[in-house]
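Peer 1: Given the structure of chain A, go ahead and fit chain B onto it with the hints provided.
In the order they appear, the protein sequences are chains A and B. Residue numbers for the first sequence follow numbering that gives the first Met the number 0, so the first one is 0 and each next one is one higher. Residue numbers for the second sequence follow numbering that gives the first Met the number 0, so the first one is 0 and each next one is one higher.
Certain hints may be false.
The calculated lysine to any residue pairs, modelled on SDA-like cross-linking and capped at a C-alpha distance of 25 Å, are [unchecked claim]:
1) B:Lys544 <-> A:Glu459
2) A:Lys208 <-> B:Asp643
3) B:Lys269 <-> B:Gly926
4) A:Lys318 <-> A:Ser430
5) B:Lys782 <-> A:Glu459
6) B:Lys548 <-> A:Ser430
7) A:Lys208 <-> B:Val677
8) B:Lys548 <-> A:Leu37
9) B:Lys548 <-> A:Ala36
To be clear, the hints were calculated from the coordinates, so they are not data collected in a lab.
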Amino acid sequence: MKIEINKKLRVITVVAVFLISACGKDFLDLNPHQSIALDQAIQTIDDYQAAVYGTYSALQSADYYGRYFVLVPDVMSDDVKQNAQANRARDFSDYQATALDGIATGMWEIMYDAINRANLVINAEVELAAAVQDQKDEFIGEAHTLRALAHFDLVRMFAQHYGYTEDNSHPGVAIVTSFDQNARPERSSVSEVYQQIVDDLMAAIPLLKVDPGSASRFSAEGAKALLARVMLYMGNYQLAGQMASEVINSGKYSLVPTDQYVASWNQGLSSESIFEVVFRADDDNGSDALGRMYLPEGYGDYLPAADLLDLIPEGDVRKGLFKTDATIGGVYGNLRVNKYPNAQNQNNTPVLRLSEMYLIRAEARAILGDEAGAREDVTTIRQRGLPSASAVTASGQALLDEIAKEKRIEMMFEGQRLWELMRHKENLVRSDCTNLVCEVDYPDNRFVAPIPQAELDANENMAQNPGY
Amino acid sequence: MKFWINLNLIGITLLLCSAMAYGQFTVKGVVQDETGLSLIGASVVVKNTTIGTTTDLDGSFELQVPEDDVTLVISFIGYETQEYQASAAMPEVFITLAEATTQLNEVVIVGYGTSRKEELTGAVTKLQSAKLEQVPLASVEQTLQGNVAGLQAVMGNGQPGSNVQVRIRGIGSITASSEPLYVIDGIPVTAGDITRTNTTANTMASLNPNDIESVTVLKDAAATSIYGSRGSNGVILITTKSGRSGKPRIDLHAQYGVNDWAVSEKKRLKPLTSEQYTQMFIEGWVNRGESVQDAIDRFDGYYPGAVTFNSAGDIQQINVETNWIDEITRKGQNQSYDLSASGGNDFVNYYISGSYFSQDAPIIYSGLDRLSSRVNVTVNASPKLKITNNLFASTLDQRGMSDGSFWANPLYTGYFLAPVIPLKDDQGRYYGEHLFFMGGNNPVGSLSGDDERMFNQLRILDNLSAEYEILKDLKFRTSWAIDRIDVQEFFYRNPRYGDGRNVGGFATETNIGENNWIGTQTLNYSKSLNNIHQFTFLAGYEAQKNQRKGLELSGEGYPNPTLRTLANAATPTQASSDLAEYSFESLFGRVDYNYRLKYYLSGTVRRDGSSRFGINNRFGTFWSLGASWRLDQEDFIAGLSFIDDLKLRASYGTNGNAGIGNYDHIPLFGFGEAYDGVPGGAPSNIGNVDLTWESTNSFNVGLDFGLMNFLYGTVEYFNRESTNLLLDRPISRTTGFDALTQNFGAMRNNGIEITLNADVIRRSDFTLSLGGNITFLKNRITKLDEDIIDVTKIRREGLDFQTFYLYEWAGVNSQDGTPQWFTDSTQTELTGNINNAERFISGRSATPDFFGGLNADIAWKGLYMNAQFSYSWGNYLYDEEARFLQGDGALTPRSQTNLNLARWQNPGDVTEVPYFRWGGNNNSNVGNMTRWLYDGSYLRLRNFTLGYRLPVDIVNKMNVRAANIYLRGTNLWTYTKDKDLYLDPEASINGVVASPVPNIKTITFGLDLGF
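Same shape as in the complex, but just chain A (with noise of 0.2 Å):
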């Protein structure tokens, strides 16, 4: 008897182990440390803020804002010219470019992922509190920006451009406003996409009534200013002026004096900075930031071109975003691109600025009649960069070809050139050329990038770009 109760006594010993060692019912459910579900992102105010402060984050990218996306336009421009051992965007450069082009999948990528942060935030429809709904509308209001900026960005490097065709019903890129991880989008016409862009500023602006008092985010003037670039491209000259004067207007931004100009590019958030994606030391892209694919200490791959430097008059003060590298020469110069000065810290990489605008304004106030106003503020960036400068005095054809130039010297390493070449529809002339292709006539297939292999691969209803 004693043994069997010995006998029950052990067995109840070990369920009795066995129950311990068995695990609570939350055992299995372990949530992540680094990151929430995406469902339970946006739930706060402060919510918005992280997505918007997010999808801003996206434009760092070494493929974007943070480079390529900029340099690109560049190096298929003829403002610059490639150094001998240029290895990185060479294949732009030299419109030798492939649909495997690792540049082009990687700024396709990106613009598209920054689209997705923004549509979050648009699509949240979280129901905040009235205290905060301003703030909530400002957020929805910068997502609404860059959702624009970045198709605006697509439909630019892997379109035809704006005017390409006459109706606009060659193919743009896949418009995205919401996500469907299933989505297998064709691309709509160029007309369509612009449609968006515009559709998404207009939805913008009324949304940004808080001024984020940085350059660093989209204020209603930062989407005006971008609302004022895309009608100039659309040709709608009347709402390009009229979105130009209303930021000039608005009284928060000046242009930067003369002699502070050239120092102003290594500081960033300017006086005449409407936005632009700022770099802190974290967000650093190293070796692959924008400033060092020209300069000695970085890779140095591409050069300022003569074609840009003979533009520029004797004593003009962006004469001084140029340094002498006694180490180039021959075919070469000894001049390399110092608009981006920082080798250690990335500079800033302006998007929009106070000059660009009076351009802009100068430019549809000459094709709408108004020659005076257009003289008057070429001239004042002129001045603003020589100030003994004469003022511009030209009318018609001559007026335009002015500001086209003053653009070409204000707005030069930030990406535009290219764009204003299609715009106008003139053909590529290197003539200070070290690439293996000194001329392009317009219009030519490559003067956009190809859709990435990859993008084809997954989705049968992308069409490639002809010559690809």
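Peer 2: Below, chain B alone, put in the same frame as chain A:
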């Protein structure tokens, strides 16, 4: 001399005695195993009689035998039975029993228990310690290559301590892990690389292979289904040594040797000399349409004074000549010292050890040092209660380097750097002023102490278990284990040159701490009915939780190159920590049944839940059934004298692969997307709430046989059908993501494994055995909606998983030296423009047609020789870096390799290398093409040992139990089918090579002493 006299005296005395006893005499002897360990309780019987005895605690015996010239039969469980002709003239005998590797009665460790080979219904291969001890390799997985049928173990990187990829019966997954589960003394442990700033590492390298008693590889469902959702890639069970009863045994192993490149100097890639480079430099510009003088001006601009040219533009004098590859190459040392003690009595058994292992790669800086110790103690508290604690601790220091196309990779930059760049500057420092050239990287300086890339790995594994016999035949076992891995990484780049120059030097310190605890409770019940029906039941519960915490800190701006801690950095640039967890909770059971030891049946079931699976699919049940039939026990076979063993077995079952990310199933929003100093976040994981384990259904049929007492073997057919494969299906990038993980695809691996071993000669003083294994493996993707193109490969339904998908190189146009490609798979039309060519499938794959190993053992008296080969046939290798290193000048002004010397120069030249032109020759290096695809078939002498075991009478004089000296070579000789292959054929499983540290050839001298 005195010794021999003594022996003779004994002999004469014995002879007299035997004569007096009318033929009777006494045989005295010692029985040991191959390592000199005395075997206690071995049976010594006069053949065909009942006269016999067993060996005592020293392994010695004395036996009175009835007549002269008798045959003694010496046997011991787990060892080959040996016969010995004893004569009165030589009454002192010394017997060495070889460990049985082929016989059916061997004890085999299986999941949650042990079994005998005769009882197995599943496919299991066991490797004994003799194959693992003192192999001059850092981690035990490396020894498996060629030794286990169906298993591929590939290192692909000569970095000591690097990760080893192991595939058992092929690749079972497209995107999830295909690595097997590692189980040490019953504990599922973390394997592989958990470092962050190092290129390759291996948590298993912490383990001292000398501490391992056996490695058991579980291959089919009958063997692996008990591991449920983690068994589908096979399971590797590692059992560490424990003490056997008897007086203390001390073993000392020492080994010293040198390491060199495994690829012979003749075959490996060579950098250009200054003369070759200079000529190529000028040629490259002339081919771009410049004059020779312009090219010389450019040369002088880059490398002032490095070369003097005469007025005709010819090289007059070379002033700088640096062979960067020679400068980073060395003969590395390989050392191993190991001391262990083991023994036991009725109450306690113990095994304790300590070891030091050090391996330096043939590349400077790269190396590994390991200190490890182990204490395995079992206390027999009562006849019913046994308590065991296995404690292992190890600290490992590894020094590594970059690989791939990083400028800091010395085996990449070493070829690229122009030989006309000086090694050192005027001040004797490593030169770093070539800023135009790969950021001024100097691999020699970097590896000579100017930079650092290293880590320390501390691993402690403790396992306390108690086994208690509750009732007769009913045993309860409880086991609690903690596996703790701490990795401290340090990565530093100096401020003067290379990657750290622009920021004044930088450093990153990383700490990774992994805590893994496992509790396992099992009940085991055995029952025999009339010795006809025998049952064993096992039931168990297991819970496991794993936590990994990371800490990363970085800073830049270093004022003094000798002060490298982050306290000296001017600017902190990163401070971040992270935590990831997973858990498993499982119930499992097994039933084994046999009828008259003839017919065996086994069944297993396991129910697994894991935090890794989506909420909709959190639990899964896995099972297997196995049966075997011992034909040799049947009367109709027993009569056939040439058949010793014959067993047919078959199994079918399911298991899973949980080798997926910890949180893959959750759509996530992650932070770390700060902008303008304000925290920001973004969608970071696309997620899939239905996500679950991959399933594998395995069928296996095998035949084990032993014939004519000398030939043993196994033939098996297997078929693994993997379904619900986790697929990172590429999706339209317009979604903001590039892939969606889902359970979708299916894959099949089937094949035949043959293992054969023959004891060709088995005499007491001379043995020769030959063996080998071969695996024919066929892999097919059986379900995949759409093609997945993965850089150089294509995944397509009906194709091998590792099928290459490349532009087909069609050589060089002999008229103008430009590159050519075939336009499409018809291979009828050539094009000089890669944009007009398309990639296609040519049937070449990284999966071998067959692979395996061969071995030969010869022993004559104390002398012995072992040769072990491994081979792989029919697989292809792709050199990922060739597009740069052999880029025909695409990357100005980087140097190239000796292969570019064969470039096209004049019309009519027939060569595979296009003309050389700075900036590239018509995209000759753009895109992945068959130009750099090689046949990777090889046969390699993996291990060769020549040794001598000193006779026991001599060593006993020296108060030594056993002594053994040997010479050993690893990777001594390699045959490659492709005569021009400059790569090491043992590349990674996927066949893609990215300029790694070269694999190592080692020659060592070793000494083993037993006391």
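Peer 1: If a hint holds in the structure, say so; if it does not, say that too.
Peer 2: We went through each hint and held it up to the structure:
1. B:Lys544 <-> A:Glu459: 43 Å, violated
2. A:Lys208 <-> B:Asp643: Judged against 25 Å, a Cα distance of about 92 Å means the pair is violated.
3. B:Lys269 <-> B:Gly926: Since the Cα atoms of lysine 269 of chain B and glycine 926 of chain B sit roughly 24 Å apart, the hinted pair holds (cutoff 25 Å).
4. A:Lys318 <-> A:Ser430: Holds, at roughly 20 Å.
5. B:Lys782 <-> A:Glu459: 20 Å, holds
6. B:Lys548 <-> A:Ser430: With a Cα-Cα distance of about 58 Å, the restraint between lysine 548 of chain B and serine 430 of chain A is violated, given a limit of 25 Å.
7. A:Lys208 <-> B:Val677: 21 Å, holds
8. B:Lys548 <-> A:Leu37: Judged against 25 Å, a Cα distance of about 23 Å means the pair holds.
9. B:Lys548 <-> A:Ala36: Roughly 20 Å separates the two Cα atoms, so the pair holds.
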